[in-house]
Amino acid sequence: MFALRNASRLFPLLLAVILVLLTLWLEYLLSMLPAGRDPVNRGTVEYMAFDFIGTSFDANGRIDRHAFGKSMWQYPEDKRVFFTDSTLEQYSLGRKDLSIFTTSGLYNNDTGIAFLDGKVHARREPSAQHPLPATLDTTRLTVDTRKRTADTLAPAIYVEGGNRIDTVGFHYADATQQYKLKSRVRMTYAPPKSE
263 MFALRNASRL FPLLLAVILV LLTLWLEYLL SMLPAGRDPV NRGTVEYMAF
313 DFIGTSFDAN GRIDRHAFGK SMWQYPEDKR VFFTDSTLEQ YSLGRKDLSI
363 FTTSGLYNND TGIAFLDGKV HARREPSAQH PLPATLDTTR LTVDTRKRTA
413 DTLAPAIYVE GGNRIDTVGF HYADATQQYK LKSRVRMTYA PPKSE
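Under our numbering, think of the first position of the sequence shown as 263, with each following residue one higher.
Just to be clear, a hint being listed does not mean it is correct.
[Said to hold, decoys possible] Straight-line distance between alpha carbons at most 20 Å, and here's what the computed EDC-like set of lysine to aspartate or glutamate pairs gives:
hint, residue 1, residue 2
1, Lys332, Glu351
2, Lys444, Asp428
3, Lys381, Asp347
4, Lys409, Glu351
5, Lys442, Asp428
6, Lys409, Asp326
7, Lys444, Asp406
8, Lys381, Asp313
9, Lys332, Asp313
What the hints contain is simulated information worked out from the structure, not anything from laboratory work.
Just need the whole structure built from these sequences, with the hints factored in.
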């Protein structure tokens, strides 16, 4: 009879001792793990920005590039930056000369290559060398910012003034300012008006 009455009082004390021993044992096991960085979960976003705006300036304080968009994110230990509904504007001597909009895309910091998907719209502003604005519309575009080239295998439409080129696939090199049209090319040429 005495043993049963005391057993009910000893149970909470026994449970507390077991918890203390379990805690000490777990601390010991954790101390045996190698020290270092926490394991990286590559499926978790490292940072995310919404309604972002970024501007860079040249050495003279004039605007050089301006980027804005709906969202941008990056994963741990990944050199790619992903973005949606974003626009990049490029300036020359403080004057905008090129803008590119895309509904989705990614940019690789290591390679300097951007992959743009969905709706891609580029516009070149008029200049002394090109007095008419020009636009390019496609659904997929690869831009190598270091080589200054643009490529697609998708259908594309280029419009400059009254001139229009429809093509499936092209390669553009900024150094030579030449397009290589790949297939199914249709062109409408409007000769300049004589004054």
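Checked hints:
With a C-alpha separation of about 15 Å, the suggested pairing of lysine 332 with glutamate 351 holds against the 20 Å cut-off. With a C-alpha separation of about 11 Å, the suggested pairing of lysine 444 with aspartate 428 holds against the 20 Å cut-off. Restraint check: the Cα-Cα separation between lysine 381 and aspartate 347 comes to about 9 Å, which is no more than 20 Å; the hinted pair holds. The hinted pair formed by lysine 409 and glutamate 351 meets the criterion: a straight-line CA distance of about 18 Å does not exceed 20 Å.
Taken as a hint, the lysine 442 and aspartate 428 pair is honoured in the structure, with Cα atoms around 12 Å apart against an allowance of 20 Å. Between the alpha carbons of lysine 409 and aspartate 326 the distance comes to roughly 19 Å, so the proposed pair stays at or under 20 Å and holds. Distance check on the hinted pair: lysine 444 and aspartate 406 sit about 18 Å apart at the alpha-carbon level, within 20 Å; holds. About 19 Å separates the Cα atoms of lysine 381 and aspartate 313, which keeps this hinted pair within 20 Å; it holds.
The suggested pairing of lysine 332 with aspartate 313 holds, with an alpha-carbon distance near 4 Å, which does not exceed 20 Å.
Violated hints are absent here; each numbered hint is respected by the structure.
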